[in-house]
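Chains as they are written, first to last, in this note's numbering: chain H, 403 to 849; chain S, 403 to 849.
No lab work stands behind these hints, which were simulated from the structure alone.
Because the structure is a prediction, the values reported are computed rather than measured.
Just so you know, not all the hints are guaranteed correct.
All copies of an identical chain are treated as equivalent in the list; a pair is satisfied when it fits inside any one copy or across any two copies.
Think about it this way: if two alpha-carbon atoms lie no more than 25 Å apart in a straight line, the pair counts; the simulated BS3-like pairs of lysine-lysine are [said to hold, decoys possible]:
{"id": "1", "residue 1": "K786", "residue 2": "K722"}
{"id": "2", "residue 1": "K650", "residue 2": "K549"}
{"id": "3", "residue 1": "K734", "residue 2": "K548"}
{"id": "4", "residue 1": "K734", "residue 2": "K775"}
{"id": "5", "residue 1": "K691", "residue 2": "K540"}
{"id": "6", "residue 1": "K540", "residue 2": "K722"}
{"id": "7", "residue 1": "K650", "residue 2": "K734"}
{"id": "8", "residue 1": "K691", "residue 2": "K466"}
{"id": "9", "residue 1": "K786", "residue 2": "K650"}
Number of protein chains: 2
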Amino acid sequence: MVGGDAAGMSAASQARRLNHDLEIVAFERGTYVSYSACGEPYYIGGLVESLDRLVARTPEQFAKRDIEVHTRHEVTAIDLGRREVTVVDLAANSSRTVGFDHLMVSTGSRPLRPSYIKGVNLPGVVGLRTLDDAAAVKQLIDGDVKKVLVLGGGYIGIEVAEAIVDRGIEVIMVTSGRHVLERTLDDELGTLVDEAVRSYGVELHTGLRVQCIQGTDRATGIGCDEIEFSADLIVIGLGAGPEVELAKAAGIQLGDSGAVAVDEYQRTSVEGVWSAGDCAEVRHRVTGKPVNVPLGTVANKTGRIAGTNIAAAINGTDPKPFPGALGTAITKIGDTEIARTGFKVAQSREAGFTPVVGAVTGTTTAGYWPTAKRMDLMVIADQKTGRVVGGQIVGGQGAGKKIDVIATAIWNGMTAEELAWVDLAYAPPFSGVWDLVHIAARRAAEG
Amino acid sequence: MVGGDAAGMSAASQARRLNHDLEIVAFERGTYVSYSACGEPYYIGGLVESLDRLVARTPEQFAKRDIEVHTRHEVTAIDLGRREVTVVDLAANSSRTVGFDHLMVSTGSRPLRPSYIKGVNLPGVVGLRTLDDAAAVKQLIDGDVKKVLVLGGGYIGIEVAEAIVDRGIEVIMVTSGRHVLERTLDDELGTLVDEAVRSYGVELHTGLRVQCIQGTDRATGIGCDEIEFSADLIVIGLGAGPEVELAKAAGIQLGDSGAVAVDEYQRTSVEGVWSAGDCAEVRHRVTGKPVNVPLGTVANKTGRIAGTNIAAAINGTDPKPFPGALGTAITKIGDTEIARTGFKVAQSREAGFTPVVGAVTGTTTAGYWPTAKRMDLMVIADQKTGRVVGGQIVGGQGAGKKIDVIATAIWNGMTAEELAWVDLAYAPPFSGVWDLVHIAARRAAEG
């Protein structure tokens, strides 16, 4: 295993379950393995008290299951001819080679630092990926930071902004998008999230493409043209790219998305070399086409599939295909929950569909329930086939996880008309007698 | 329309949408039409301030859509030969006959008052069905009531008990079941609900079959044998039976469940006579067999189907079948949410399946999230086919509506193995990276 987070350690655990004799070794260049990267903003914000709470399993726990884990060990080269990797022990600063029969590339992703931004690599410009990153950011925040600039309006940007506001620190967020979460939400719902971000106390600037970061020894803010903001710390959340340098250098084939190309069994172009998680492609459930979906859910699932299939290759049993990803995701800022699945309108058009949108503004509970909060929900269907291809939700407490019903509908190839009749649960504290999913699906069905 | 609540008025509205010329008349013996019966306990408890808030549409609003509504008008006979009904104006105490081309029987249900309970019809023993009932109970509670006895541990019993505790009144609940919600939950989860009911301050007695209600002019408590409880008011929640006397007297065929027999188009045994809602049967989504599912969700959906098909019969268009019911339901007591769908273990056996249970105890959010609450979830699958046939949930805030994912899975005939891989949304405030639905489904799949 090269890389010991979600995909790598899921694969290791699953391979162990299916084969007790296999020798399994994992190398992780960071200090921690098997951790919840999604929990990092909440550690920074103080909701989660210690980094240890974000660790699902320690190297010691893996050792008990006879899985050998080496942290602070970086694999620097893969030699496919000799079937060995070069590993650097970062603490000892020594290097050795280790042979393999099967190799799992689970190197994850890295925060993008676009080269068009001058000064993007200055000290004081931090990204968030590993627990070590989170520890570093937390330490800075705990120090004398009065103003933080968040570059980017994606999931991580929003979650970090929320966390830092929770610490009583001023936050300015700048995104080049028309609204936050532009890649995953359509404008109608995205602008609602803008409102939520602002209500939470974040100074949000949309449609602003940052060209340079100011500072000499250390970043002090942004601004070259008319825009200028000073800050004690800059957090970049401009998306993540698959960490593929190692695989690429070894000659493992990459896909069009830039991630490692794999088939539905997580097999790369090289026999006995597997890949899963943020660094690899997956099949989209709707189109069957390879895409890169850097989400923890997908990393855990594809890792488990890789582990199943490594064991299957050794045990001589049938491999299991990964059944696909929809990019279902959820987050929140304050009391506003945000969720999405499948394609947004423009994406569904690119995928060859003719999108029809069924949108509804309603409440999280029966309208007369005292804690009813506004909730907006969209179902996107293909006009030709009627099939549901996407869904988006923004609303108060209880709104977000309704996305799972739409995801399950897409998963099963349901039409919007069919979705409008599913027997969903109702009681006044939970929804209207027709769930908003029903109403939006009906509207999408009626086009 | 005979009966003007969910099914009747959904049918009326839908028929009007599809045919603008149709003459539509609805008779309702109560004071209100188109109301949320499910909201009644919350009116009694004071969470919902006025009965008007529970009314979706008033007769005046229906009149604007050219639907004639007569409240306090009871249909006392149906003459199928003459195609007319006898209607009594309860206010004027006068009677007349009204002809029809199509007749919709939507008489709903009535709270069961089992004759084996001596004194069950004494004053001071109240049931809850219509808004008029709710008004009457509220008035009693607002008066000098210090102790209330709730007979029955079903949904209504639990919701009424919660409401009355909220009013600061002592509540004793007695059920003959091994635990509350015995008809819809298996023992493992049902006993968790018992705990929640007790924690909320209700004095709960299970396994106690009440034989008689004491009192001469008015109920004063229960007890004949060893058990004896006094009370100022007795609320019965011993289930509901379909209100079919009128249909039966007219010669409309009933099904084995005792409800009006209908096909999937909501057609009764008599041409041009339709039925939907609590008084009618529906097809179970899993078995295709007729069952009686007295839930507001089903009433609204079957009512809409009846309205579609009445209009279709007149317009000469294709009728639409009702796609089935799963009996998905949800309720809460205090902060504990309770939900279920499909068959429980014994029911799935009766339906010819070999049940395998996948059960998990986890948390409503990531385990490290500060508001994480315990959550128990069961997925029931058929061993032979792997198909999911049921699901149950008991847990803290956010737990209940996850049942919709299981319901959507059953709806689509998914196997437990398939359900274990669906791309559901994850973030630490909402679930673990593997949702409890995934984990329970996996356990059911692995049998």
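Hint-by-hint comparison with the structure:
1. Taking the closest pair of Cα atoms, K786 and K722 come within 25 Å of each other only across two copies (20 Å); inside a single copy the shortest separation is 32 Å, beyond that limit.
2. Proximity of K650 to K549 under the C-alpha cut-off of 25 Å is found in neither arrangement, the shortest distances being 39 Å within a copy and 75 Å between copies.
3. For a Cα distance limit of 25 Å, the shortest separation of K734 from K548 inside one copy, 24 Å, qualifies, whereas the shortest one across copies, 44 Å, does not.
4. Both within a single protomer and between protomers do K734 and K775 lie at most 25 Å apart by alpha-carbon distance, with minima of 14 Å and 18 Å respectively.
5. Taking the closest pair of Cα atoms, K691 and K540 never come within 25 Å of each other, the shortest separation being 39 Å inside a single copy and 59 Å across copies.
6. In this homomeric assembly, K540 and K722 never come within 25 Å of each other (Cα to Cα): the closest approach is 41 Å inside a single copy and 59 Å across copies.
7. Proximity of K650 to K734 under the C-alpha cut-off of 25 Å is found in neither arrangement, the shortest distances being 36 Å within a copy and 54 Å between copies.
8. Taking identical chains as interchangeable, the C-alpha atoms of K691 and K466 are never at most 25 Å apart, the minima being 39 Å within one chain and 52 Å between chains.
9. Taking identical chains as interchangeable, the C-alpha atoms of K786 and K650 are never at most 25 Å apart, the minima being 40 Å within one chain and 46 Å between chains.
Hints 2, 5, 6, 7, 8 and 9 from the earlier list are contradicted by this structure; the remaining hints agree with it.
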